[in-house]
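First to last, the protein sequences are chains X and E.
Residue 1444 in this note's numbering sits at position 12 of the first sequence, and the numbers go up by one each step.
Residue 613 in this note's numbering sits at position 581 of the second sequence, and the numbers go up by one each step.
In case anyone wonders, no lab produced these hints; they're calculated from the structure.
Predicted, not measured: the structure shown is a model, and the values here were computed from it.
Please note that a few of the clues may not be correct.
Pairs of lysine-lysine residues, derived as BS3-like cross-links and limited to a Cα-Cα distance of at most 25 Å, are as follows [unchecked claim]:
id : chain 1 : residue 1 : chain 2 : residue 2
1  : E       : Lys182    : E       : Lys316
2  : E       : Lys188    : E       : Lys393
3  : X       : Lys1492   : E       : Lys298
4  : X       : Lys1489   : E       : Lys298
5  : E       : Lys298    : E       : Lys393
6  : X       : Lys1492   : E       : Lys300
7  : E       : Lys504    : E       : Lys437
8  : E       : Lys253    : E       : Lys238
9  : E       : Lys253    : E       : Lys182
10 : E       : Lys253    : E       : Lys316
11 : E       : Lys393    : E       : Lys437
12 : E       : Lys604    : E       : Lys504
13 : X       : Lys1489   : E       : Lys188
14 : E       : Lys604    : E       : Lys498
15 : E       : Lys498    : E       : Lys393
16 : X       : Lys1447   : X       : Lys1489
17 : E       : Lys632    : E       : Lys604
18 : X       : Lys1447   : E       : Lys538
19 : E       : Lys437    : E       : Lys201
20 : X       : Lys1489   : E       : Lys300
21 : X       : Lys1447   : E       : Lys298
22 : E       : Lys504    : E       : Lys298
23 : E       : Lys498    : X       : Lys1447
24 : X       : Lys1447   : X       : Lys1492
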Amino acid sequence: MMGIIHVCVRGHVVKYFPSELECFDFPAEFPLTILELLRSLNVDPLLIMGVSVNGTKQPKDALIRLGDEVLFFSPPAGG
Amino acid sequence: MNGYAGNILRVNLTRRTHRIEPLDSDLARDFIGGRGFVAKLLWDEVPPGADPLGPDNKIIISPGPLTGTFLPGAGKLEWGAKSPATGGYGDSNIGGHIAPEVKYAGFDAIIIEGQASEPVYLYINDFDIELRSASHLWGQGALRTEAMLKEELGEKYQICTIGPAGENKVLFACISHDFGRQAGRTGIAAVMGSKNLKAMAVHGTKTIPVADPAASLEIGKQMFAACFNKPGFVEWTPQGTAGVTDWVNEVGAFPTRNFTSGFFPKYKNINGEALISRIKVTDKACYACPIPCGKYSRVRKPQYDVHVEGPEYETIALIGGNTEIDNIEDVAYANYIQDEFGLDSISGGNVVGFAMECFEKGIIRSEDIGGRTLNFGSVEDFVWLSEEIAYRRGIGNILADGVKKASLAFGGGSERFAIQVKGLEWSGYEARHAPAMMLSYMTADVGAHHNRSWAITFDVATGRDKLEGKAKRVTELQHIRPLFDMLCLCRLQWVELGFELDWYPKIFQAVTGQARTWDDLLAFSERVWNLTRCYSLREIPGFGRSADYPPARFMEEPIPDGPTAGKYMPRKVIDRLLDEYYAIRGWDQKGIPTSTQLCKVGIDFAEATIAPLRV
């Protein structure tokens, strides 16, 4: 099943996402894990410190559902 | 000069005098405040060859042109001196609430020179300046001293202090403020101690001239709103920098067992989750900060009950992983102990880890330390050694000079695992499989510190075995990040929230009236980067390429376990990184800026000093 995921990225790793956009909609084939989403976006999962789906922290192997909002966190980069 | 208070305060401790001087317009034209003023004033005013712990060294304290105005993170204060840790250029900055007070008191820089004959503290209430006796404060802990001065002067005073480590001129002593904020690196607190200067208390009531107050206010409001609207804003605060602990282990870069490894199997006992679930009381922010990274904690065990700000990530890495203390309560307690003694917990954890490895290898023997042990994982040993260092007792007197000098004293091959560059202990990222991060540490102007360039995600994104483009990216970051220390702004809004850099020229123009592009501002930063290199070249015999190498462990010993097992960075790779870096910088292969480069960046005044070194 095809559908849209709303993706946001917090912090400096946004520059490694398509078009360096902080928030964007991404069409994907479901079912889909967060890791698979990152690979579809051509982003190395190691760049991501954490993930929240609909406001709840999730591991990178968690499944995403149609209509989910996925938020990726950059690692803090030192003061 | 909009954005500046217009004055420099010069305090002579020997003569117990002070003078208020007008801010030099050439200085303000050619160098942005904070780190810019620190670098230029050190170059001009500290006599070449001065003893860092003698009366000729000077402490330069400077807020920036945006300090105290209305924008996110405008509360940093830069401290500088000839570093007793490295013998070269030294600076460190502090957050909290003191920077705006310095500016409101009317000063763009404070120059402290000479040496007091007895302990004093510097009292500043606008232009009411006094050197007051600190005889009742001398010997007190850094946190306790702040509490005593708050009690004595009132809450409205913002206070910086040193602890016993600074008094005893420990070369990694830190300056403390706001009960847990520190200017920790390069040993400027030891310079304070050498001058018998225990503290500085500041209160100011003046205004700052702003070129376009209405525009400044409007842009400031927009900047705050932009921060609040960033994706993930709410999620940032709970763990602060401690939240990165899991990730650094995941990429195999977590300092473990004196940088033997990059992975600590028990990291979940000391990570951000452990911090918030077991010891955190509340969040704590600096002046004008919408994203409080400070975590105020309380730790209670039968043996202790203390409050501490932290631990932040760097402390978790250096006290936790690096000495293998494996629970957040003990890490926080060790953090508190080092804070109260006035020790930088980055160098402090690094030095104790080094000593523990020396003990394990028999280089430090039980009979050398009164029959006791110095074991990885022991908080009791950690706390005991921290006290020995702070008071320069026994073996602590050797370790108080940092790992580079201690390894020369101990011998036994310990220089291989003295994890430092230029005499400054390495901070919280193992970099044997991260060439850009390795180069960042190697070439940071103050020594092995991460805040000049942080590039691990760049390494991950572009390939950790690839070298192409790494030197270029490090150079770019070394201009961007130190620019924040010239403007005296916190970097976290940018790096953690992804706050756009375009905001800064806009607010800079509204406050100062100077129309500058971001690239214009970066040119100021490049000027200072070259000047600090020249400063260390002038002060340290033989300084240059040889000072830019990492310790032998990183070039010769494969990481034994974890995600980066088997990785190390051979010397030929290090040499290639340095060759490319120097070429990009316009430095020769000895790491010395060329004459053309000095002219290009506008510091041709350094040419007469540097030219003889190129021969």
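**OP:** Could you check the structure against the hints above and give me the numbers of any it violates, in ascending order?
**Re:** 2, 7, 9, 13, 15, 17, 21, 22
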